[in-house]
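Chemist: Going down the list, the sequences are from chains A and B. The opening residue of the first sequence carries number 28 in my numbering; numbering runs sequentially from there. The opening residue of the second sequence carries number -11 in my numbering; numbering runs sequentially from there.
In case anyone wonders, no lab produced these hints; they're calculated from the structure. Please note: incorrect hints may appear among the correct ones.
To be verified - Over the 10 angstroms line for every Cβ pair with chain A, so calculated as not near, a few chain B residues:
1. S184
2. L340
3. A416
As the list claims (entries may be wrong) - Dumping the calculated BS3-like pairs for lysine-lysine here, alpha-carbon to alpha-carbon at most 30 angstroms:
4. A:K356 / B:K129
5. A:K340 / A:K532
6. A:K487 / B:K50
7. B:K430 / B:K468
8. B:K363 / B:K217
9. B:K363 / A:K532
10. B:K87 / B:K50
11. A:K523 / A:K441
12. B:K87 / B:K397
13. B:K105 / A:K84
14. A:K532 / B:K50
15. B:K435 / B:K300
16. A:K436 / A:K487
17. B:K54 / B:K129
18. B:K731 / B:K(-7)
Beta carbons: idealized from backbone N, C-alpha and C, even for Gly.
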Amino acid sequence: MKDFEGLINQVRRQIVISVELEESEIAQLSDDDDLLGSPLFLDSVDLLQIYADCQRKFGVVFNNADYEGRHTVRSIVTRTIVAKETKSANTNSALFYSSDGNRYSDVEFKQHIAQLITALQSTGLDKTKPLRVLDTDPVKMMMVAVAAVLSGYKPLMSAQPQGENTVSFTQLSSKQVELSLLDSKSIYQQLASLQQEAVIVFETSGSTGVPVRIEKSLASMVQEVEELTTLFDFSVLDLIDAYVSPVHMYGFIWSFLLPLKLETPVMYQSNTLLRPVPEAVNHVMAVSVPSIWRNLSGALTAQYRYIVNSGGKFGEQRDTQFAELVQSKLPDLQGIDVLGSTETGAIAYRMIGQDHIQTYQLLPTVSLQPSGGEYLIYSDFLPLGVECAPLDDKIEILANNQIVHLGRKDSVFKFKGKRYSLKAIEDKLSQLFSGHALRVYFIEQADNVRGGELIAFVAKGSSHFDITDEVRALFQDLPIPKIEFIDELPTNAMGKVTLQGLQEKVRNARV
Amino acid sequence: MPECKSQVVITGYGVISSCGDNAQELYNSMQSQRSGVAPLSCFDVTGLPSDIAGIVRSVREKYQDKQTDLPDFSTLFAIEAIEEALSTANISRHTLANKRVALCVGNANTGMEKLEKGIMENQHDGLLEYPAHKQSDNIAKHFGVLGPVLTFTSACTSSSSALGFAKQLLDHDVVDIVIAGGTDALAKTIYAGFHSLQSVAPEVCSPYDVKMGLSLGEGAGFLVLENHKHAEARNQPSIMQLAGTASSLDAYHATAPEPQGAGVRRSFESALRSSDVNPEDLDYVNTHGTGTPANDGAELKGIFAALNPQDKASIPVSSSKSYFGHTLGAAGAIEFISALVAIDNGQLPSTLNGDDIREDCQGHHIVVNGLIDHKVECIGATNSAFGGHNTTMLARKSVSAIPKAEGKKVYILGHGGIAEQGGYSNGADQPLLSYEEEFALKPFQAKLYRRRMSTIGQYAIGASYLAFSGADVDYSDAEKPPMGAYFGTTLGASQVQQRNLSDLQEYGPTGVKSTLFPDTVLNAPLGNLALAFDLKGCSANFSDLGNEGMHALWHAFMDLSEDKIACALVCSAEDKSDTSDLVWQQMQVDERRLASSANALVAVNEQDPRASRALAQVSDFNAGRWVFDEENLQWDCAALTQLAAKPDLIVLSMVNAEQFEAISNALQAQFSTTQVINGRAYKESGIACQSLDAISLATCALNGRMFMGRDVALQNTSKPESVLVMSVNTQLSATTCLVSTVKGK
């Protein structure tokens, strides 16, 4: 109490100095008077200066939320005390560096989650349906997702901002809630102790253009993190440089759960701006996708120890570049290429620049069993309730739990009652449009007598396609797809070409 | 009688920004949705939460080692952009030399890096390049411009103001060609200042999106303007017609816009009135759209209140700032050019990174994440600035003859000044107020004083109060039509700037104060005037090295003459500090003679009923540089070539005392029987105040009144009927006007 009164006097003195008040003016101000109202009628720039000077004077850092609401001498003192207690002044203790520039310490992160959990209690949101998290900022997104899953909701992570049963950090933070005591267990421990039924729902773009939701149990993802930390020595890391948002399952595991488990700070990069890592850190891991390699490779310094890649083929050219980089400049750098998908979880890995680009090592707890000409995956990392799943890739099994990855299995579609191979269509188109990237999709349509629409996207500047006798002869017994010409095949944040992205590109080109 | 039609067209443009060194590179960036905003390395921003900006790397990297010997980067940016603009307009140096050419330059913070180094690193030589007008002078000399050179310093509306005045110069047939636009170079003080206001986004800004905050940038954008007939005569195609321009003041807050966008609405409505453009003609509006919480929603409200469409989504809008950041003094011109380059390609510019439109901007057709194909005939462009200043430009592809109102006569109704420990009004014999050392507004007019008001702001308000009193104008009348406000200052609030730099030096970038930074912009005193006297009409802010007061009056004259407003306050002011003393030392001005001072006058046009009691009429404004003709061994000045009247008296006021005799003799040679008097002999005017002081002196001479308590000594003529006032700045550029008695009074 004595400290509080002392701080009150110090804040009053600071206000006089910060906004150049006269003694007679501050004498009229009570500790509960709104600083923007009577008797001082300060200006917003005055308030900013008072907060800036208090930060410097008391060695604290205020959060954005501190600039909202009513401002009195008493509220500034309270905010100062809270800021001191959360040790937010020590920016080095930040665990999460958000892409919007904010930093959150472990304590702040927990504190926000505790507040969000309390706020969620009064929302009346449906626990039986997926709860769509609207935030795009990775840290706020994760705080809401964790609060939701700890409260018995099924948070839905999606790049789509709209839908029903939605929630956001701003929406929950605007609710006035009493601060509750923080759980003594770390957030990772709390998540790890959840029952198998606790799930995160990931919405992917889907191969037919319709978003697909996949429920992953937290237990399976925690299990995957545990396995990764036994395979690799991540204990040396003092920063994870995340280029993949936790809105994707790969990002959720590598950019969120893994840093939580390791208690290693994570810096989320934005799509628009690559920030260099702070000079003070010594051992960094980049969580990336192949499409950003060109930018990332130029920014790599001796601070980087690991680059993990997933979400697409790293490819021979990048693999060679990586090996050259290690040999010429960064001898301590290791690259991990992870094979897997949201549906399967991680299956296998290989060391970039060392192992052959098609040869992967199965994860210890994953096994592949042949079944009727294909392989079934048995793994702890599969979606909730799935014991085993067919592998969509073509592989060969080698000795020592190694596999050769031969690419995606050919998709077969049913058109006018007959089965065709997408690969066969692609091959024919490649002959027609030699040198141009292309993709072929079959979109099933219940009301289409043909069974759906066969559509191809060709990366070729403005052009048109006439079905000539020559084309008919080329396709012979194969259906001829509808062809859309676009200037390039767009990739999503994970560096993948998706049907959804292609269709959007076509729509935009027509506006 | 002159033809009362406006047909000002754009025939060329050039641009340099973080998105490229020319218009094609800018378009390429826009087409590939690439932002030039990236991590900063040109100055230290340690401790600030953001470290990104749109820097012109090409020029900075080319000249970084030679910077101490070169002008400010803003001059270098401008030269690059103007070269491109002249090239696209097919104007050679020879054409420039043989035409009546004006240069209108907008800037907000030019020279700041020179000031920082000059004060903080004792590189005093560089202070020569600090004043805003020095950049314009450098540019004019580089291109050999001998006509009017004007520097607009209304912060983020500077370059759009410059374009507006350029149109007026052509409409009034003062010149044949105007090179107009803006240039600005980012500096640590500015970067830190915007952080002190918590305005800077950690990522590339995304105006209208829920992600709040602005990105800062730098660069230059210039356009070539001429009358359509002039362009046709040289077979130069028009890019677009500049169909209407206007400005307004919010009179609301130093940094925040009026929340309903009332100032933006007034400006837009005024631009529509001054043109033949109808709201339904508009195909697109390029907005100021900074990304800050206060600006974007308010601006859209203002624009659409003026347009009042049935469906607010019917007119696409976007802000170009996510491409190259907020380029402050160059923003209006660069953004306008970004719209022109997109339109040239049949497209509209977009706002990048638009993921989620914020609540108060929803329902509009905001172009996001990529150029869209769109047929365009007519566009609008808006900008807003600290001090509550707003501008609007309207342009269209087809050229039409826009009817203009017949020029209204413009009169001086009253004038006042504060200097030399006294305050005078309308040539009174005795001072109306007195003070020791520095004038303080609070004891004089407490109601007009606001906490922490800068010294220059207090002088400006004090002098304006005296001018209003002299003119017997009730500024407090809430029903009055919007009154214009025009201000001139050389260095602005130099005392505040000095404290600002001191904080930067002592505490680093995080030490710059939100309470000081807004007062460091050169139009902050204009914002003070608007708030004190509720001035909401047309407006402009000028800086020069001696002629800014007359430039402010010139702009007021144009707006009054065109009947955009009926009454205007014109003010110039300066304060004295150690910093200003150092600058004047470098400019070889005897700083010991300079002191804080201000003067003001109230002007009306003939539509105002109070015109019947006017003190004098003003007309025939012009400007040009004095140059010594080595061949004929005589001094020439382009400002005098169009003057038809033979004045009874010449008031010559010039900072550069060494050249007074030469210029005076040159005037005497041209006007052999006319007495030339030295304006500065009556008052030790500062730099900023000398030209309006000369106008007041002329007004006193016409009315047989004293000036600053001193008799005006005249030979041969006891009461002149017309006085040519010539103010000459430190660079020997002159601005002239004719002050004459009111006929039939």
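Chemist: Next, verify each hint and record whether it holds.
Modeler: Here is how each hint holds up against the structure:
1. S184: Contrary to the label, B:S184 does not stay out of reach of chain A, its closest Cβ about 7 angstroms off (not over 10 angstroms).
2. L340: violated, 7 angstroms
3. A416: B:A416 clear of chain A: closest Cβ-Cβ about 33 angstroms, beyond 10 angstroms.
4. A:K356 / B:K129: violated, 50 angstroms
5. A:K340 / A:K532: holds, 23 angstroms
6. A:K487 / B:K50: violated, 38 angstroms
7. B:K430 / B:K468: holds, 26 angstroms
8. B:K363 / B:K217: Given that 30 angstroms is the threshold and the Cα spacing comes to 26 angstroms, the pair holds.
9. B:K363 / A:K532: holds, 21 angstroms
10. B:K87 / B:K50: violated, 33 angstroms
11. A:K523 / A:K441: Holds, at roughly 25 angstroms.
12. B:K87 / B:K397: Within the cut-off at roughly 28 angstroms; holds.
13. B:K105 / A:K84: holds, 28 angstroms
14. A:K532 / B:K50: violated, 39 angstroms
15. B:K435 / B:K300: violated, 41 angstroms
16. A:K436 / A:K487: holds, 26 angstroms
17. B:K54 / B:K129: Since the Cα atoms of B:K54 and B:K129 sit roughly 20 angstroms apart, the hinted pair holds (cutoff 30 angstroms).
18. B:K731 / B:K(-7): holds, 27 angstroms
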